[in-house]
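**Q** Start from the sequences, fold in the hints, and give me the full structure.
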Amino acid sequence: MAAKLSNIDKARAAWGETIPEWIVILAEACDRDSQSAIARKVGYSASAISQVLSNSYQNGDISRVEGAVRGALLAETVNCPIMGDIPHNTCLQWQRRPFAATNSNRVRMYQACRSGCRFSRLKEGS
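When you number the sequence shown by our numbering, it's gap-free, plus one each residue, and the end is 126.
Hint data in this document are derived by calculation from the structure and do not stem from the laboratory. Just so we're clear, the structure is a prediction, and the values are computed from it rather than from any experiment. Just so you know, even glycine gets a beta-carbon here, dropped at the ideal spot from N, CA and C. Some clues are possibly wrong.
[Stated by the list, open to error] Just the calculated beta-carbon pair ranges, DEER-fashion: (1) A101 x A3: 20 to 30 Å; (2) I25 x K4: 14 to 24 Å; (3) S47 x S6: 10 to 20 Å; (4) D85 x Q58: 29 to 39 Å; (5) S50 x S104: 20 to 30 Å; (6) Q111 x T77: 34 to 44 Å; (7) N55 x G84: 29 to 39 Å; (8) D33 x S104: 33 to 43 Å.
**A** Written out as structure tokens, the structure is:
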């Protein structure tokens with residue numbers, strides 16, 4: 001019976017010589033823990049993480065996944081105009097939140113994410 005390939009081996013086979021650093025970090029994290037645990041930490045499904053590692057992610061914007069990985073696993077931050085330095089994945093989570101007038105901070109974040117913030121992936125006014 002053949003030995004099971006590690007996530008890093010699968011990723012290297014799928015991505016080849018052009019494997020990005022953040023994919024290597026993601027695969028190594030999945031090998032240390034599990035795809036499900038890392039998926040929860042990053043904020044994506046385990047199947048999405050599997051597709052990213054196998055270079056077959058077509059259901060969304062892979063640059064968003066990259067940002068989530070960089071924030072959750074590499075501790076990269078962005079300088080939010082409202083909250084100051086926050087993890088990149090937290091920034092992306094704020095962008096996905098719907099409007100809710102129940103909290104003044106949430107209203108400010110909703111507006112900032114849609115008003116030309118340089119870190120926002122959203123179109124202005126959306």
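**Q** Assuming the hint says 14 to 24 Å, is it satisfied by the Cβ distance from I25 to K4 or not?
**A** With Cβ atoms ~21 Å apart, the hint holds.
**Q** Cβ-Cβ distance between A101 and A3: within 20 to 30 Å?
**A** violated (55 Å)
**Q** Hint says 29 to 39 Å; check whether the CB-CB distance for D85 and Q58 agrees.
**A** holds (33 Å)
**Q** Look at the Cβ atoms of Q111 and T77 and judge whether their distance stays inside 34 to 44 Å.
**A** The hinted range 34 to 44 Å is violated for Q111 and T77, with Cβ atoms some 21 Å apart.
**Q** Between N55 and G84, does the C-beta distance stay in 29 to 39 Å?
**A** Once the Cβ atoms are compared, 35 Å apart, the range 29 to 39 Å for G84 and N55 holds.
**Q** Confirm or reject the claim that S47 and S6 have a C-beta distance inside 10 to 20 Å.
**A** Given about 18 Å between the Cβ atoms, the range holds.
**Q** Hint says 33 to 43 Å; check whether the CB-CB distance for D33 and S104 agrees.
**A** Holds - the Cβ-Cβ distance for D33 and S104, about 37 Å, lies within 33 to 43 Å.
**Q** Does the hinted range 20 to 30 Å hold for S50 and S104 at CB?
**A** At roughly 39 Å between Cβ atoms, S104 and S50 fall outside 20 to 30 Å, so the hint is violated.
Hints 1, 5, 6 from the earlier list are contradicted by this structure; the remaining hints agree with it.
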